[in-house]
Structures are given as structure tokens and as C-alpha cells.
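Dock chain B with the ligands against chain A, hints included.
Each protein sequence line maps, in turn, to chains A and B. Numbers in the numbering used here are just positions in the first sequence, counted from 1, shifted up by 54. Numbers in the numbering used here are just positions in the second sequence, counted from 1, shifted up by 1.
Simulated from the structure, these hints should not be mistaken for laboratory data. Every residue gets a Cβ at the ideal spot worked out from N, C-alpha and C, and that includes glycine. Where hints are given, some of them may not hold.
[Unchecked claim] To list a few chain A residues with every Cβ distance to chain B over 10 Å, as calculated:
#1 L91
#2 P127
#3 V143
#4 I145
#5 K238
#6 E261
#7 Q327
[Claimed, not checked] Subject to a maximum C-alpha distance of 25 Å in a straight line, what follows is the list of computed DSS-like cross-link-like pairs (lysine-lysine):
#8 B:K50 to A:K93
#9 A:K238 to A:K305
#10 A:K264 to A:K153
#11 A:K110 to B:K50
#12 A:K272 to A:K153
#13 A:K221 to B:K279
#14 A:K256 to B:K279
#15 A:K110 to B:K47
[Said to hold, decoys possible] Quick list of simulated restraints, FRET-style, between CB atoms:
#16 B:H208 to A:G342: 17 to 27 Å
#17 B:G165 to A:I343: 24 to 34 Å
#18 B:Q409 to A:Q117: 54 to 64 Å
#19 B:Q152 to A:D232: 25 to 35 Å
#20 B:N167 to A:E122: 57 to 67 Å
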Amino acid sequence: MSILDKLKQRLVKTRENIFGRIAGILQSGAKIDETTLEKIEEILITADLGVSTTQKIVQSLQQRFKKEKPEKPELLFHMLEEEMEKLIVPIEGVHVEKKMDGVTPFVILIVGVNGTGKTTTIGKLAHRYTQQGKKILLAAGDTFRAAAGGQLEIWAQRSSVEIVRQKEGADPAALVFDALASAKAKQSDVVLIDTAGRLHTKVNLMEELKKIYRVIQKQIPEAPHETLLVLDGTTGQNAIQQAKQFSQAVKITGLVLTKLDGTAKGGVVLAIQQELKIPVYYIGIGEGIDDLEEFHAHDFVQAIVE
Amino acid sequence: MFTELSSKLENVFRKLGGRSTINEKNIQDALRDVRVALLEADVHYKVVKEFIDKATTLALGQEVLHSVSPAQQLIKIIHDELVATLGGENAPIQFSGLPSVVMIVGLQGSGKTTLSGKLANYLRKKGRDPMLVAADVYRPAAADQLRVLGQSLDILTYTPQEAGSNDPVKICRDAIDYARQHSKDTVILDTAGRLHIDDALMQELEHIKAQTSPAEILFVADGMTGQDAVNTAKEFATRINFDGVVLTKLDGDARGGAALSIRSITGKPIKFIGTGEKMEAIEEFHPERMASRILGMGDIVSLVEKAQETIDLEKAKELEEKFRKNEFTLEDFADQLKQIKKLGSLESILGMIPGIGNKIKNLNIDDKVMIHMAAIISSMTKSERAKPQILDGKRRLRIARGSGTSVQEVNRLLKQFDDMKKMMKKMGKMNPNDLMKMMPFGKM
Ligand SMILES: Nc1nc2c(ncn2[C@@H]2O[C@H](COP(=O)(O)OP(=O)(O)O)[C@@H](O)[C@H]2O)c(=O)[nH]1
Ligand SMILES: Nc1nc2c(ncn2[C@@H]2O[C@H](COP(=O)(O)OP(=O)(O)O)[C@@H](O)[C@H]2O)c(=O)[nH]1
Ligand SMILES: [Mg+2]
Ligand SMILES: [Mg+2]
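Next up, chain A with everything else stripped away, as it sits in the complex (with noise of 0.2 Å):
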């Protein structure tokens, strides 16, 4: 089954479609009404794109639409999916995975709000890492939550990987920089950090995440290799200050999204990519070991509009 059919399979659920409701509409003229305008902010709206995000989009297919003039539905949303993906930031030069070559090891940091996904992200790519060859290390770093640090142990069994783990409410830094040293030791390919999740706003919690990056800094001067920020696919505008927050504390290479797998779109990170320029890496769609996939522009912006 191909990415895009496991996205729809269980994106479409209940969408309205959409489609069908604006193919009537159109019949009636050449130039796009309000009502159709209104459906099409509607789409972009409702998928979590953001008022500005939208009326940007939303003018370049009025633009688009005086000069190419199309008489079918299909076209002008053709027209949608290219306006969206236009804004999306292209994976520039090689992926996360073939950065990987050669370089040992390659460290990536997981941050990111409360819940997000993190440490269940770390778990699905040390199964991913694993199955490419990668001798992968996992380190705890959230001392902080309740059993924060057995549930990575436990997804550590599942791909049956090394981890470094150390009591609740363990300096998270310190932790970091014995993983390395472990990693160094140990030749592992891979090193996976979890982190506490982290409110921006909180500004100790945001030095805390700072400090954990200069330890890093200090073991492998140019790790990490990655930071990738786990943004909840649920979440609506506040994901724009959370990646914004992030970018300031550590320098945020990519992003993961979370939870596709229900009826939410993800549409804020246009909105992010317009303002940071950071890629998407992967999605998650569902909470087993595989569950995990690459990011595609195009089955991205189909799915909102689907």
C-alpha cells in the first residue's frame, strides 16, 4: 500500500467532501464566487493553515484564476495543491538519512512541547535506524516526567537497542553527555535523546534545553547533527510559537508531525515553513513501531484538501 493510500485510508473519515460541494458551484461561471472562495477558505481554515497563511493562498488562486481561466472543478483544485505546496520547504540536499553516512556518531535531539509524541517518534526511528543497518543508542533525557524514562527503556526492547537511562529527576545534561561517551565508546551509529517535554514559554525549562545542547556541543563539536522539533499534528496556531521559541533556544534542523492518524490536518506548519524555512522529515500516523513515514509535499496538501 502506497504512503498516500495509508493517508487517506485514515485521513478521509469525516471529511466532508468537499469537492463535491464546490464542482456545483462552479459551473455556474468563470471566475471564482464568494461562495466558492468562502469554501476554500473554509478548507484551508478549518485545516489549521491560519487566517494569514489562507489569505495568502487564497489570492495567489484569484490571481492564478483571472489568467488561466479553469472551467473544471478539478483544475482549481489543482490549483489549491500547487499554491500549498509551493510553501513548503523542500528537504534541501540529502535527507536526515543519508546525512547519516559515514558520520559516527549522528546525533539527533527530540524537543518539543508536553505530549507531543517525542519519545514515541524516538522509539519508531530506532526501529526505522535499525532496519537500515544503524547500530542506534537511545539516551533518557526526560528525567522529569513520571516513568518518563521506562517507557523509552520499553521501546528500546522493541527494536532491542541500546539506551542510557538514569533516575527520575537526574541532571538531563549530565545524562546526555555519559550517552555520548557511551556512543563514542561503543561505536553506535545513531544516538536518539529524548527530552523532557517543555512549554516555550517556560524560560528555566528553555535554558535547561540549552545546556543540554552545549553538553552535546562539548562531547561531538558538530552535534547535533539534527535537532528536530515534535510538533503535536492536533495542534493549532500556538505550534507557530513553539517552533519559533524552539529556533531561538537551539538551532531547529527539522520537523516531525504527529498524530496524523486522526482527523486533524497539520496545516499550521505552511505557516511555520513561511516564517522558518524548516523542512518536515516525518509524520507519525498511529502509535506502533511503524507508524512512522516520510513527509511528502504533494500527499500532504492533497489530504487537507481531500
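What follows is chain B with the ligands alone, placed relative to chain A:
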């Protein structure tokens, strides 16, 4: 974002406030901006539409002439309507049976387990004797998480281990007997996170509900949720008809529009909010506060209310009259400062004085300057205040000393007051913007 939006909205209302009349057109303009604010707060598209329609009807139907100012009127209408929609009164948690069962449901990662712990802690403080039940057998270490929380609170926790089972329905059912044996009067069921479209898992909830007859089912939603809040809430409401909502993670800067969406779509009251990861971080829900938060203009709303109490409208009118007739004295000026000080932010309050424009955005208003000015004026004698022209160098020095300022500052204030009075003569012809420029509130 919070501040950005606040100021955006403040602008909207200032725009309105600057006009002496309100008509269909300017209400519509303002409401359009309110619409954007609500959408940016993540209120659902359709909910916003409904809300705006309702508010428009209300606003247009009102007698405008009697109002304090159009801006105030509109703020009140919108805010009150929001409060009404969010639920006027605080809905308490319900109990029945022994033990009384509270069931916690919601999506993955919304904060159910944390809330379960907080609620146990909260209820114990209210005199109940709760027990926690870990019914999440799916998420790795979920039961451990609850057990650790239970231990930290010293609250009895029942997990799959005690139950000797991995069947959530059985765990919950058996937990009730266990609670009776341990004379617990309240049982909190922490269920696994699930998607509303996951039929099998939604069925599981229905079974748990049927077997435990909860007196209260709480739907826990992440306060940062976007437009999808309506889909999930609707489905959970349809399938298990929860009694109340808990909105978590409101300790951040999310505007929490999901509160309005969920409330509008399900009609269920929001009972608590989560404001942190700690076990104490739970608060009863206050519709007023939430409304202000969603509108992004909490200050303005409370300010308006305060202003309505504090600012004497008649007096304000009188003042305006004095302006016009050029009878405004330093005494009046000091009076004004006193009133303003009572209210806090000078910038916000200026917008509420009728007859004075609200275009004060680009004015650099410094509250410290105001304090100095008040001090200077109060160091003057009554006759000096009435007739500032008698203020010679000696008097000025005395006033500067008395007020802890400098002669330069006293001079500047008098000059500005003088300029202002000159300008007042022309006030009839003036636009409020220019008048404001004459006000001596700029950086001294
Ligand atoms: N449906 C769904 N649930 C997810 C996904 N990713 C994570 N979760 C669930 O979300 C909850 C929080 O995930 P977790 O990894 O503990 O989040 P963290 O606090 O960021 O580490 C758990 O119940 C996960 O099973 C996803 O892609 N889809
Ligand atoms: N900042 C903040 N974090 C919260 C709040 N409630 C829960 N959390 C965090 O959100 C994450 C998920 O919470 P959890 O209770 O495990 O969610 P569950 O999957 O629904 O049981 C954890 O990191 C919690 O510490 C809250 O009100 N504020
Ligand atoms: Mg975690
Ligand atoms: Mg839980």
C-alpha cells in the same frame, strides 16, 4: 503572539472609540477583526461564524446613543457573549454511589494521566478519599506513570498488576471492589488515549462506562488544540456522552480557542483547567478569564469594567466642556492624573475618556512621567495651581525640591500645559490626533 494580538485588538477598539457615533459599517469592520482574532485563537471556523453572527445582531440591535462609547459597548457585547457561550457559572464535579466513579477520557497525550493525579489530589483536599486506577494498557509504562504519581501523592493506585489482568474493562470493574475493600469513596479511572475515529477503542470506553456507571466523565483536551477540537469532542460526546471538559496546558501562551469550540459543539461545561505539570496545577474553570484569554484582550476588558466604576461620566463630560472653554486648570489636570492612576495603564485609559481620540499608539507614553507630573502638581499650592502664571523661579525651585524632580521638569510641565491650553482654544476644529500630540505625556 499574545501581546501582538492584544494590541491588534486594542487598535480595533481604539479605531471605534475615536468615533463619536457607531453605525452598521464600523461595527462590521470591528467584528471582522474580532473574527480574525478568534480564528487565530483556534476557535473553529464555523463556531466563529456563528458567534460573529450572534454578536452582530446583538450589537446592531442596541441603542448606541446611551452608551459610554462605541468601543466600550462593543467590547462588552463581545466579551459578555463569549462568557455566556463558555458557560456562565462554574459547574462542579458530580458524585454518586460508593465509591463514586470519575472516568477520564481523551486523545493521546492530552494530559489524562497527569490530570488524574491532580484530580485525586484536589478531591482529597476537598475531603474525599480517592483511589487511582491505571486502565491504560497500551502506552508503554502508562501504569507506572500513574503509580509514580500516586506514590508521590500517597494515594492508593490500582494498576494492571494488582488486577492481574490486561483487560481495561476488567481492571476498571475490579477496581471498584478493590476501592470498597479499602473504603475509598472515589475512584478515578485513567483510561488510555485514543482517537475518536478508532472504533474498537471507542467501544472499549463504552464498555468501561457501562460496567462502572461513572458519576462524572471528564473529557481531557489539550489547550493548544486547533480546529480539530470540534471533531474529537463531538465524537467523544456522541459515543460516551461525557459530563465535563478539562482543558490542559494552559500555562503556556495558547489562546485556548478550543474551549469555545468544544463548548459550542457539545454544550458540555468546562470544569477544570490544567496549568502545569505539577500535581497542584489544576484550577476550576472561570468563563470570564477564558473569554478574555480567547479574545486576547484581558486587560482591556477588566479595564473597561474598572473604568465604568471609576470614571465618572458626568465628570468626564464636564472636563470636555472645560477643555472647550479653556477653563482647564492644573487642578483639573491633577484630578485627571489621580483617576488615571487608580486605573493603572495610562495608555489604555486615555482611550476611554470621551472627546479624546484614541490614536495614541505612536505616542510614547511613560507612566513614570505621569507620576512625576502628579508629584509636581501636588507640590504646588492651590493658588499656584489655579494661576500658574504666578510661578516664578523661586516657586519653581521649591516645587522641584518638594516633588523630587528638577526645575527643568517643572518648566517642561508648565510649558506643555501652556501649549495644551493654547491648543484647546482651537479644539473645536482639531482632530483628536493632533490634540493628543499636545498632551504632555510624551517622554519628558
Ligand atoms: N494516534 C497517534 N498517537 C501518537 C502518535 N505519536 C505519539 N502518539 C501517542 O501520544 C501520546 C504521547 O506520546 P509520547 O511519545 O509519550 O509524547 P512525549 O511526551 O512527547 O514524549 C502517547 O499516548 C503516544 O502513544 C501518532 O502519530 N499517532
Ligand atoms: N505544561 C503542562 N504540561 C502538562 C499539563 N498536563 C499534562 N502535561 C504534560 O503533558 C504530557 C502528557 O501528559 P499525560 O498525562 O501523560 O497525558 P495522557 O497521555 O493524556 O495521559 C506530560 O509531559 C505531562 O507532564 C499541563 O496542564 N501543563
Ligand atoms: Mg516523552
Ligand atoms: Mg496517560
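The hints, checked one at a time:
1. L91: Correct as stated: the minimum Cβ-Cβ distance to chain B is 14 Å, above 10 Å.
2. P127: Its Cβ never comes within 10 Å of chain B, the nearest being 21 Å, so this holds.
3. V143: holds, 20 Å
4. I145: Non-interface label on A:I145 holds, nearest chain B Cβ at 24 Å vs cutoff 10 Å.
5. K238: holds, 28 Å
6. E261: The assertion about A:E261 holds, with a minimum of 16 Å to chain B.
7. Q327: Holds, since 16 Å exceeds 10 Å.
8. B:K50 to A:K93: Roughly 13 Å separates the two Cα atoms, so the pair holds.
9. A:K238 to A:K305: holds, 23 Å
10. A:K264 to A:K153: Holds, because 24 Å separates the two Cα atoms, which is no more than 25 Å.
11. A:K110 to B:K50: Judged against 25 Å, a Cα distance of about 20 Å means the pair holds.
12. A:K272 to A:K153: Given pair A:K272, A:K153 holds - Cα atoms ~21 Å apart, limit 25 Å.
13. A:K221 to B:K279: holds, 18 Å
14. A:K256 to B:K279: Holds, at roughly 14 Å.
15. A:K110 to B:K47: holds, 21 Å
16. B:H208 to A:G342: 17 to 27 Å: holds, 23 Å
17. B:G165 to A:I343: 24 to 34 Å: For A:I343 against B:G165, whose Cβ atoms are near 27 Å apart, the range 24 to 34 Å holds.
18. B:Q409 to A:Q117: 54 to 64 Å: Since the Cβ atoms of B:Q409 and A:Q117 sit about 58 Å apart, the hinted range of 54 to 64 Å holds.
19. B:Q152 to A:D232: 25 to 35 Å: Because 27 Å falls inside the window, the suggested range holds.
20. B:N167 to A:E122: 57 to 67 Å: At 58 Å between Cβs, range holds.
In this structure, none of the earlier numbered hints is contradicted; all agree with it.
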